[in-house]
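Number of protein chains: 2
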Amino acid sequence: MNYIVNISSKLIIGLFVFMLPALATDKPLADYPHYTLASSDAYDFSQISAYAGKHGRIYAYIDENLDDHFKNIQRWVRQRSISAQNVGITEMAELLRDDLAAIGFSETTLVPSAGHPGVWGYYDAGATKTLLVYMMYDVQPVNEDDWESPPFEGKLVERDFGQVLMARGATNQKGPQRAFLNAIESIIKVNGTLPVNLMVLAEGEEELGSPNYPQLVDAYEARLKTADGVLFPFNSQNLKGELTVLLGVKGINYWELESKGGSWGGPGKSEIHGSYKSVVDSPTQRLIAAIASMTTADGNTILIDGYYDDVRPPTVEESMLINAMSNKWSAADWKKQLSLSQFIHDQKGEAVLMRYLYDVTLNVDGIWSGYTGEGVKTILPHIATAKMDSRLPMGIDPDTQFARLRKHLDEHGFSDIIIRKLSGYPAAQTSVDAPLVQAAMGVFSKWANITSVMPRIGGSAPFYQFTERLGLPLVFNGLGHGSGAHGPNEYMLIYPHKDSKVAGLADIEKSYVDLLFALAEPAN
Amino acid sequence: MNYIVNISSKLIIGLFVFMLPALATDKPLADYPHYTLASSDAYDFSQISAYAGKHGRIYAYIDENLDDHFKNIQRWVRQRSISAQNVGITEMAELLRDDLAAIGFSETTLVPSAGHPGVWGYYDAGATKTLLVYMMYDVQPVNEDDWESPPFEGKLVERDFGQVLMARGATNQKGPQRAFLNAIESIIKVNGTLPVNLMVLAEGEEELGSPNYPQLVDAYEARLKTADGVLFPFNSQNLKGELTVLLGVKGINYWELESKGGSWGGPGKSEIHGSYKSVVDSPTQRLIAAIASMTTADGNTILIDGYYDDVRPPTVEESMLINAMSNKWSAADWKKQLSLSQFIHDQKGEAVLMRYLYDVTLNVDGIWSGYTGEGVKTILPHIATAKMDSRLPMGIDPDTQFARLRKHLDEHGFSDIIIRKLSGYPAAQTSVDAPLVQAAMGVFSKWANITSVMPRIGGSAPFYQFTERLGLPLVFNGLGHGSGAHGPNEYMLIYPHKDSKVAGLADIEKSYVDLLFALAEPAN
Chain C
825 MNYIVNISSK LIIGLFVFML PALATDKPLA DYPHYTLASS DAYDFSQISA
875 YAGKHGRIYA YIDENLDDHF KNIQRWVRQR SISAQNVGIT EMAELLRDDL
925 AAIGFSETTL VPSAGHPGVW GYYDAGATKT LLVYMMYDVQ PVNEDDWESP
975 PFEGKLVERD FGQVLMARGA TNQKGPQRAF LNAIESIIKV NGTLPVNLMV
1025 LAEGEEELGS PNYPQLVDAY EARLKTADGV LFPFNSQNLK GELTVLLGVK
1075 GINYWELESK GGSWGGPGKS EIHGSYKSVV DSPTQRLIAA IASMTTADGN
1125 TILIDGYYDD VRPPTVEESM LINAMSNKWS AADWKKQLSL SQFIHDQKGE
1175 AVLMRYLYDV TLNVDGIWSG YTGEGVKTIL PHIATAKMDS RLPMGIDPDT
1225 QFARLRKHLD EHGFSDIIIR KLSGYPAAQT SVDAPLVQAA MGVFSKWANI
1275 TSVMPRIGGS APFYQFTERL GLPLVFNGLG HGSGAHGPNE YMLIYPHKDS
1325 KVAGLADIEK SYVDLLFALA EPAN
Chain U
825 MNYIVNISSK LIIGLFVFML PALATDKPLA DYPHYTLASS DAYDFSQISA
875 YAGKHGRIYA YIDENLDDHF KNIQRWVRQR SISAQNVGIT EMAELLRDDL
925 AAIGFSETTL VPSAGHPGVW GYYDAGATKT LLVYMMYDVQ PVNEDDWESP
975 PFEGKLVERD FGQVLMARGA TNQKGPQRAF LNAIESIIKV NGTLPVNLMV
1025 LAEGEEELGS PNYPQLVDAY EARLKTADGV LFPFNSQNLK GELTVLLGVK
1075 GINYWELESK GGSWGGPGKS EIHGSYKSVV DSPTQRLIAA IASMTTADGN
1125 TILIDGYYDD VRPPTVEESM LINAMSNKWS AADWKKQLSL SQFIHDQKGE
1175 AVLMRYLYDV TLNVDGIWSG YTGEGVKTIL PHIATAKMDS RLPMGIDPDT
1225 QFARLRKHLD EHGFSDIIIR KLSGYPAAQT SVDAPLVQAA MGVFSKWANI
1275 TSVMPRIGGS APFYQFTERL GLPLVFNGLG HGSGAHGPNE YMLIYPHKDS
1325 KVAGLADIEK SYVDLLFALA EPAN
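Residue numbers (my numbering), protein chains in the order written: chain C, 825 to 1348; chain U, 825 to 1348.
Hints in this document: simulated from the structure, not taken from any laboratory. Among the hints, erroneous ones may be present.
Put simply, identical chains are the same to the list, so a pair is met inside one copy or across any two.
Said to hold, decoys possible - Below, simulated BS3-like cross-link-like pairs (lysine-lysine); rule was C-alpha separation at most 25 Å, straight line:
(1) Lys1160 x Lys953
(2) Lys1201 x Lys1084
(3) Lys1201 x Lys1245
(4) Lys1159 x Lys1093
(5) Lys1325 x Lys1064
(6) Lys1201 x Lys1159
(7) Lys1160 x Lys1201
(8) Lys1064 x Lys1159
(9) Lys1160 x Lys1093
(10) Lys1064 x Lys979
(11) Lys1013 x Lys953
One chain only, chain C, in its complex shape (with noise of 0.2 Å):
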C-alpha cells in the first residue's frame, strides 16, 4: 500500500480538472462540526515569478544524452523489487548505492533496518544549502497477464500523447528519481559540481506502509536536520500539463475491528447453523453495532468522545491558500470527476472543500464476515472482521484517537472487540513561505501551469518524518506525467508528442536542474 501513490493517482488527477466557477454557498449543519476562514485575504502567487536562470549548457547536455539518460531509467525497471515478495530487493538496494557512487556521492552505504534495507548517500558540493531527496527504490506487486506489454521489460510504447516507457515503477517512482539522478549527474558532469549538497535516504519498504523509515532517520537524524529542505522527485503533471502544489497531507490511523465469540456469548469456535440465531448471540450484528455506534446514522458525524476536539482551526497562511483557490476550484467538477450525485448533506461549493482539509473522518474500507458466495446459506459466523481508516488533519495525535476509540467500545459494551493497530501517523504540513518551496514553484511557474496551491489533501503520506520530525520543508510535487500506479500498464511518459504541454523526460530533468540552483541562490 502506498498512500503518495493513491493521492497521484486518483486524488491529484481529480483535482487537475477543476478550473471553473464560482462556489455555492451551504446551509449550516448543527450537528457537524464547522471551520471558520482565519483571514479573508488571497495569498498573492503574482509575488511569485517563473525561475528566470538559464542553464544552457546543462540543458544541452541533458538533450545531447537523452537516450542514456533513458536507458539508466529501463535498468531501474527491468531490475525488480517487489517488497511484498521480497523479489529483487537486496539487488535493487545495491543498484541504487552504486548509482550513487557513480554520480560522485562520496558516501553510498545500505542502512540495516528490521525490514529491507535503506540506502544513504552523501554528496559534497562544499555548498551552503543541502537537499535531502526522499526516495523508495520498492514497487508493488504485478499480475503480468493483465499487462499490454512486460511489466518488468521497459518498453516504450505509443500513446497518443507520446511515447511513454511502460513497467511495473515507471512512474512510482523509479523514473521520477532516477530522472532527478540524471539531471544531477548532468550539472556534476558540466560543471564538476553541484549548487547543493544532497543527501539521499532511501527506502525499500514504501509500498508496505514504510514501517521502518523512522529506523532509518534515527541512523542520520542529527545531520538529515542540517538539510534544508526534502524533495521527493513526483510526476505530478495531469495530461494538459496542470500541476496542483500541494504543501500536506493528513495522517492516519487504519485498524482492523475484530468481533469474534466468546465470554461474551456468540459461537466460539467455528459457524453454527444459521437457525440458531434464535438463542446465540451474533458476533457480526455486534461489529455492525460497534461500528453503527460511532457515528449518526448517515455515517457522518462521529459519536466518539472528543474525536472532534484537537482538530487546528484554518491557520492565516492557510486560509489565505483557500481564499486563492476559491476561483480556481470547482466542487462541482470534483463532483463529476468522483461520480457522485451529490456531496455529504449535498453541501455545496467551499463548504466541501473545508470539509475535505479540515475534517476528521471515520471510514470503513471494508468488512466481511460469513458466506460470501452465490445463493443461499444460512449461518451464523463466529467472527466478522472490519478494517477502518479515520484521516487526522493538523492538530491531531494518532495514539490518542486510538485511545478515545477503545474508550468508546468499552463504554458501549464492546469491551470484547479488538482493535488491530495497522497504521498510525499524524498529519504533515510545509509553509507555502518555505524557500524551498518558493524556489520550486518559481520553476513549476517556468515549465507548467500552476492551477492552484493547496494546503495540504485527505490524503495521508508519513511525511511527518520529514516535517514535524525534522522540521523541514518538503516539497512532493514535479514536472512529469505518468499512471497506472499499483495496477498495470503503469507508465512514465518520456516523449511527449510536439503539441503536448506535458513535460517529457528531457524537460523533467531540467526543471530539476532548475530547481537546484533555485534553491541555491534564492530570488531575494
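Dock chain U against the given chain C, drawing on the hints supplied.
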C-alpha cells in the same frame, strides 16, 4: 444449499446428546417476546408401543440379498448428479425412473420443470392407504482432493463403529432412499405386492433450494392430496443409536441487502480513495446503519414493526410435547455442543428451548464490502452487500415479513437499499397424532431409542408443500446413520459392528418394511 442437510449435519447431531437433567429458571427480559405454554400436561409416550408386527420372510429376503441391495446404493452414488453444475442430472433422473419401473411401479415418467426434471412414479397395490415418498436425486458439488476415498467410487471404508459407504450422496440422500426402495422391492418379491399404494415425486434441485418443486406438485396436485402422508427417507440416528423425532420446521426468508452509491450520495461508479470520506457518503456505513436499525444494539430483539405479531402461540399439543421433553433435554449440553460460553442474555433451561422453538430470528449470514485482503488499503467502497435470513415459526407469512422489512427500511431513510429475495417459504408442522407419525413412532420404538419428540426444529425446509399445501402429515426421520453431507468424506453406515446400537442397511430396510405395514394396519 440444502436446508434439510443443514438440519441433519449440524442441528440433529447437536440434539442427540441432550439427555441430561432438569431445567434452570431464567430471568424475565422485558424487551423480548415471551411464549407461554398452553398446558402443563406432558404428552404420554407410554401409549405408543413398539411396532409388534413380524415379517420374517421379508426380513430373511433382505438378509439374503443384502449384497445386491448395497450394490444398488453403490450404483446410485456412482452416478454423479450435481445439480449446481448440471452434471449427470438427466442420467440420474432416468436411473431413478428405470429403477422404479423395474421394481414394479406402473407409472414412471420424467416430469419437466423450469429447471432439472422431476421423476414421478406410482405403484398401485390396490390398497386402501397411499404413501407419498419425497425424494431428491441431486447431490452437492465436491472437492475431490479433500476426500479419503473418491466421492464417486462409492467404496466401503472401515470406521471404528463399522463399515461405511463413502460417497457424495451416501447419506444425503441416495443411501436412505435406495434403502427404502430395496425394502419395498423385498416386500414385492416375497408378497407379490405392497400393503400400501406408493407415489414417488422426486426432484433434482433440492441442493439448489427446491425452486421448482412447487411446479412438480402442480402436475399431480389432485392425486397427491389423496395420499395418507409423506415420507422422506432419512438417516436420523446418532452413533449411540438415538433418534429424535422432529415434527416440523420453521419457514425462512433469505435475502441480500445491497447498498450502493446513487442519487442519495456515495461513489456512483466504483470505489474511490478513502480520504474522500470527509465529503462523500459511505454505502458501507449505510448498510451497517440499516442493519443496526433492525434490532436492539445486542442484535437480538427485532425492531421491525409487527415482526413478532403473527407468531402462533404454543398449542396444547406443542406444550405437551415440550413438557414431555423437559426431563430429556439440557440447555447446558447444547451450550457445550455449540461451543458457547452463554446463550443470549445468559438464558438457561426451558427459556432457551422456548426461544429456539418459537422465535422469529434475524441473522446476518454474511456481509462483504471493500478491501478484505491483507494489510492496509484505503478505499471508500461504492457497494456493500449482506446476506440475511429470518426464521419463521408457524403463523408467519413470508411475504408479509418481506413487506415489513421493506417498510422499515423506507421509514428509516434507507429506501435506496435493495432487498434481493433469494428464498421465502412458511413453516411446516405435522401433528404427533397423525396416523403416519404414530405408525413411525411405533416402528422407531422397535428399532431405536427415541430420545424425544420435538414439535419443530429451528431449521427450515420447504415441507409446507406437503403439510400446508397438500394437507398431509410428513415424517422426515428414519433409522440409520450417516454424516458429512455437503462436506468431504460423506458416508452412510452400512455394516455396523456387532455391539453397535445403530441400524445398518439390513435393519434400516426392515424398519421401512415395518413402516409400510404399520401404516396399512394401524395399531388400533
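Consistency of the hints with the structure:
1. Lys1160 x Lys953: The answer is neither: 44 Å in one copy and 72 Å across copies each exceed 25 Å.
2. Lys1201 x Lys1084: So Lys1201 and Lys1084 pass the 25 Å test inside a copy (20 Å) and across (23 Å) alike.
3. Lys1201 x Lys1245: Result: close only across copies, 13 Å inter versus 32 Å intra.
4. Lys1159 x Lys1093: between (46 Å within a copy, 12 Å between copies)
5. Lys1325 x Lys1064: Cα proximity of Lys1325 and Lys1064: one copy only (6 Å, versus 82 Å across).
6. Lys1201 x Lys1159: between (39 Å within a copy, 23 Å between copies)
7. Lys1160 x Lys1201: This pair counts as between: shortest inter-copy Cα distance 24 Å, intra-copy 39 Å.
8. Lys1064 x Lys1159: Intra 20 Å, inter 66 Å, cutoff 25 Å: intra-copy only.
9. Lys1160 x Lys1093: between (47 Å within a copy, 11 Å between copies)
10. Lys1064 x Lys979: within (24 Å within a copy, 70 Å between copies)
11. Lys1013 x Lys953: Result: close within a single copy only, 20 Å intra versus 106 Å inter.
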